[in-house]
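Number of protein chains: 2
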Amino acid sequence: MLSFQNLLESFEKKFQAEIQNIQKTAPVKLYGPIAYSLEVGGKRIRPVLLLHAASLFSSHPETYFPAAAAIELFHNFTLLHDDIMDHAAIRRGVQSVHVKYGENSAILSGDAMSIMSFRLLSQCEPEKLPSVLDLFSTTAIEVCEGQQYDMEFEVKDQVTISEYLEMIRLKTAVLIACSLKTGALLAGADEINCQLLYDFGLSIGIAFQLQDDWLDVYGEMRSFGKKIGGDICENKKTCLLISALEMSDEGDREKLLAWTEKSEFYEQEKIDAVRKIFSGSGAANATKELMKYYHDQGMEKLNQLAIADADKRELRKFASGLLSRVK
Amino acid sequence: MLSFQNLLESFEKKFQAEIQNIQKTAPVKLYGPIAYSLEVGGKRIRPVLLLHAASLFSSHPETYFPAAAAIELFHNFTLLHDDIMDHAAIRRGVQSVHVKYGENSAILSGDAMSIMSFRLLSQCEPEKLPSVLDLFSTTAIEVCEGQQYDMEFEVKDQVTISEYLEMIRLKTAVLIACSLKTGALLAGADEINCQLLYDFGLSIGIAFQLQDDWLDVYGEMRSFGKKIGGDICENKKTCLLISALEMSDEGDREKLLAWTEKSEFYEQEKIDAVRKIFSGSGAANATKELMKYYHDQGMEKLNQLAIADADKRELRKFASGLLSRVK
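So the protein sequences, as listed, match chains A and B. Our numbering numbers the first residue of the first sequence as 1 and each following residue consecutively. Our numbering numbers the first residue of the second sequence as 1 and each following residue consecutively.
Only chain A is shown next, with the shape it has when bound in the complex (with noise of 0.2 Å):
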């Protein structure tokens, strides 16, 4: 078993220098943005996640390293897609790739980046190949499900937690669980194990969409990375705004529409105003709630894995490191 900051030190070097020699490959103007997209940054948790499930089967991770690669390609290819389609200008603090490059750059880098994937993956061992494959490419399509629905939502008078929660199972959790379970396939581990880290994975990814919800109205901006209350100015549909619709009394609620639908506000002013509202209707609370709920369903599957209990240390820290910031 190998901890999160070791993987994540090997994997960024390894993965450094697989930048270097794609920013080098021509045509540039096809390979610069795919290699600018990637050297920014981020926190490489689903490669380091699928290695770390290796390392509990397997005392040999880093074979798994193309996969792992495969992951944060991908990964970061719907990231690029994604910016276009919500036009978001800025990603990481830099800007994002369709307004440094253009967006047809913008498109074909990302087509090329999610194809790069694949053809990582390919490198896999051969009698591994066709679970990971079929794993990895139905989870990539329900990434695109979840986008999908995520907006439609923005336009959709009304979402309900539910039709919430099923979009973020599609759009974030089934990544973080097709990291964990493609590390334990190649890696050997027995069907079972594979599924417990999936469901695992799968309630973990979950609380982390529903802390980052809560972080982008409660949390500290140095911590968070990101504007505090972003989504509020934007009408964001997330657990809080669902919730507080469907929780609040008719004048907290009328208070709440009103503020959406005004096009012209200081931004602080409405953000107070919203967060009063999301913690005074329980919406706040609600989240959090939820947020424990799917950790703990997460942290029932990680008891039932047949490994050493000392082996589920650093997935513990993981998941419990998700409630901690939400106080």
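You can trust all of the hints, since none of them are fake.
Remember, identical chains collapse to one label, so a pair may be satisfied in a single copy or spanning two.
Computed list of lysine to aspartate or glutamate pairs in EDC-like fashion (alpha-carbon distance at most 16 Å, straight line):
id	residue 1	residue 2
1	K236	E154
2	K227	D212
3	K29	E142
4	K276	D252
By construction, these hints were calculated from the structure, which means they are not laboratory data. All of these numbers come straight from a predicted model, not from anything done at the bench.
Dock chain B against chain A, hints included.
Just chain B now, kept in the frame of chain A:
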């Protein structure tokens, strides 16, 4: 060995059923545009080539339907995204996907199509999968590289014939070659035969694109299926334009450049004038010669293929069909 016609009919029947399934899948706003772009048709050349190549080495080519469908899906994905990048409003006589469904839908549905082609591949025989996935993903990236060069050529002052040939090799020919080789790989052909079929496809694919360039200028609307002179009106850097710029005398060259710089003109007047320069400069003949060269190169590879001569009939017919339309 099965005829193209037989294979086309059996492929189309199964593929239409597959399209019906896709159309009914939720979210319909993701899958609807995919079904729309697939059912509009096209000649299904690539899946037929795959199945035909398989039929040369196996008596059950229908087993390879998933791979054939994968190639057709991938090809249509590239058209879908190319149409966004090229701002093309019409595809096969109907509205292109980004015009009918909006650009975000076209991006996301295209992404899903590309991934679906890899999911279909995961159904290949496990022992064939590593080589099939390696070939398919490498080819798919080459197609992106080809599209990148094509976009760059639009804004580049000078493009040489060899740069142009490399572009069409990547954008068009490798997928034809990959179709044939994938069929052969799946049906268990040996490495030499697989490579010969690949090389045959590569040469014929290049000849195919050169024919397309030629037919745009000298073809008949009815059989070409596209507006004659479209490339001329758009100043598309085809083999004819590039050759004419290289081969024409100073006077014609200046006339040609003047036509490409005019922003307002009567279409037919421009088409007639440019066509005259293409013919007079020898560019038309040079393009025909080049087409014949690639055709002959392809036939040489086909001749070397270690199968009964009678079994080469359909591929010969396919290749010579190219030349017969060019007079």
